[in-house]
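Colleague: As given, the protein sequences belong to chains A and B, one line each in that order. Take the first sequence: its position 233, counting from 1, is numbered 233 in this note's numbering, and each next residue is one higher. Take the second sequence: its position 28, counting from 1, is numbered 1028 in this note's numbering, and each next residue is one higher.
These are calculated hints, taken from the structure and not from any lab test. Take these hints with a grain of salt, some might be off.
Stretch-level coverage of chain A by chain B, calculated; a stretch enters the list once three of its residues show a Cβ under 8 Å from a Cβ in chain B [claimed, not checked]: (1) 29-41; (2) 151-164; (3) 226-234.
Keep in mind that this is a model prediction, so the values were computed, not measured. Don't be surprised by glycine CBs; every beta carbon is placed ideally from N, CA and C.
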Amino acid sequence: MQSPRMKLWLVLVLILFTHIKASATDVVVKDVLRTLDGLRKIHEDVTAKVQMAMRDAEQGDKLIEAVYFAKDLDDTFLMVMTKPESEKGNGYLKSGKNFWMYRRNTRTFQHVGRSESISGTDANAGDFEAPKYELQYTAAKEPDGKERVSEELLSKVPVYKIEIVSSVPDVDYPKKILWVRQDNYLPLKEQSFSLSGTLMNTQYYLKYSEINGHYIAVKQLVVDEFEKGNKTLWDITDISFKKLPDETFSKAYLENLSK
Amino acid sequence: MISFLRLLSLSLVTFFVLVSPACGENLLDQVPDESALFADESSLVTSANPGEIAVFGDQHSVAFSGRLDSFSTYGVNRQWLAGTGSFASNVLLTYTQADLFLDVRLPKGVKAFADVSLTNLPAAVSTASASTVAFDIKEMFIDFNLDRSIYVRTGKQFIQWGRAYFWNPVDFINREQRNFFNLNAVRSGVYGVRVHAPFGQDHNAYLFIDMTNANNLDDFAFLARADWLMGATEIGSSVWGANQKTFSYGLDFSSPLWGFDGSGELVLSYGSNQNKIVESGSSLVLASTQGQWIPVAVLGLSRQLHWERPNRINLRAELFYNGDGYGDNILLRADKKALLIASGLYRANYLSKLYGAAFVSVSEFPGRSSSLSFNLIQNAIDGSGIAVLGLNQSITDGFQMSPSLALYYGDASSEYLLSGYSLAFIVQALLTF
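Could you build all of it, start to finish, from the sequences and the hints given here?
Modeller: So, in C-alpha cells, the structure goes:
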C-alpha cells in the first residue's frame, strides 16, 4: 500500500521523466537540417582525390578515381576522372545552376541539368556540392502533426533518427531517414527511399575530417538495398585547402586536364 | 626495454599500415555491422591534415592507353527477305579497329596527345591490291597555355562545336559526321591551330585556323566563336569563312526548357558551298544554291527520368531542318540517284530538308550491368528510317558487348533503303585499356 507522499513522488518523477523525454526529442528538424548543412559547408577552396571502390554482384569490382577542385563559397566545382581507363579524361564542371559534362571520346561539352549521373554511377552533381537538406527537404509528420524524430543509439553513439520528405521536385529520393549525432548533428547514417517507398540504399558516414569547425565526409559506405550485394566505398584523400585561382574553373582547364 | 617498446610500436604501426588498405576491401566484403562501424566514436571525426595534391596535369608523365573495337554487321537484303533476291545480296562486313593513345604531360599544362588508328579488314573485304590494314592518325596535337588565360592547341585535332546531340550544323570544321550506329566512336580530326580564351566559367572565345587544305596563307579557313552564359542558358555565336567561299553564321543555345534540357543550333549562309543536282532543261547539272539565305537548324530536347533509381531512363529527341537539302525524294528518279552516288554528293542524314531522331536508353536494364537502347532516325521527306534496338552488356570493367538489331523501313527508293538492307544484325565488342 503506497502512502499519499509516495504517490506524490511517483507522479512528480513521472512528470519529470515525461518532460525530459519530451525536451530530448523536441529537436526541430529544420534546425537540424540547417545545422548539418552549415557544418558540411567548407568555407575554403578544396582540392582532393576521390576514390569510389564499387562492388557489383554481377560484374565484380570497379575502381573509379577522380581529381576534384571546388570553390565551395559559390558552389563551383571541377572534376576530372583518372580511373578507370574507359572513363579517364571525362570531366564535369559545375557553376551555380550550370553543369557541363565533358566527354573525351567525342570532345564535347554537354550543358545539362544538375541531376546527370557521374560516370555511370549512382552519384550525381549534387553529391559533390555542399549539402542542401534544408532547401530540399522538410520533416515528415506523424498523423498528429508531430515531426518524426526519435532518439536512438547507433552502436554506442547517441543519435536522433529523423525522417524527412522532399519539398522540391529536383531531388534524387523523395524520402530519407537520417541518423544524426545528438552532440553536433553530423549524419552517421542515411537511408533513401523511392517514390513507392522502397528502400533503395543505406549510406554510412564512417569518417569526417574537421577543418575550422566544418566537416568533410572523407569515408562513406553506400549499400545498395535494391540490388543486394552492390556496395560503394567512397574515400576522399589528399585534401588540400590551398587557394585555387579562378582560372581553374573553366572549360579550357578541364579540356587541358583531359586526354 | 625502451628499444623493445619502440620495436613493438613500430611493428604495430607497420601492421596497421599494411592491413589498412584491406580495411576498404573488408567493408565491401562484409554485410555492414553498425555496431562495428561506429564502435570507436573517437575515430569518426579527425582533424583535416591538409596536403599538397599533385595534379596529374602538373607532372611529367607518359601514358599509353587505347581501345579496341570489333565491329560485325550482317545486312539482310530486302529482296532476299521477300524471296525475290539471291542470298549473295546479303552482306557481311566485319572489321577491327584499334585506337592507340599516347598522352605526354609536362608541367604548366603542356601536353601532347596522339591517337593512332589501325583498322584491320578481312581479306574478303579489302580489294586484292589494297592492304588489309588501314592506318590513320585521328589526332596528333600539342597543347600549351599562357598562364591559364589563353590555351593553344596545334596539330591534327578533333573539335566539335555545337550543342545538339546528333546533328551539329554549327560544327563547321569536321569532315567526319557522327555515326548513327556508333554514336560514341572516336572520329578523325582536322589539321589546324585552335586558340581558346576562357573568361571564367561564363564566357569563352575561340579561334580555329583550319590548315587541312592549305598550301599558302590564303588557303586557310577560319572559325571564330564565342559562348556565354545568361542565367541557366548558354548561348554561342560563330562565323566560318574561307577565301572564295560563302561565309556561314551560327547561333546556338542550351537551356532548361519545360522541364527538359533544350538545345538548338541555327546556321545562316547567303548561298551554299555544296553542289546540288538541279535540272537544266532536259539535263541534270551540279550547281550550288546562290543569291539567297539558306537556314539550317536543329532543335533538341532531352531528359533523364527516375525509375526506382535516379537518372535511369534517358530520353532525347531532335528535329533537323536542312535548308540546303532536297524538298522532294530525288531517289525516285534513277538518273538523279545515279548522279548523286557517282558525284560523291550523298551525305547520309543530310540529303533531305527535314529529319527527326529519337534516342532512348534505360540503364541497369534488363540486368544491373546492362543497358537497353532504342534509337530511331527518320527522313521526313521520303518517309524512310532506321530503328535500332540495342543491348549494351558490360562483361567486366573495360570490356563490353553490344549486340543490336536494325530495322530499315520505307520505300525502296528512299534514303535509308539505299543500302538495300531490310535488317541488319550488328555486334560490337569494345575493350579499353
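Colleague: Are any of the numbered hints broken by this structure? If so, which, sorted upward?
Modeller: 1
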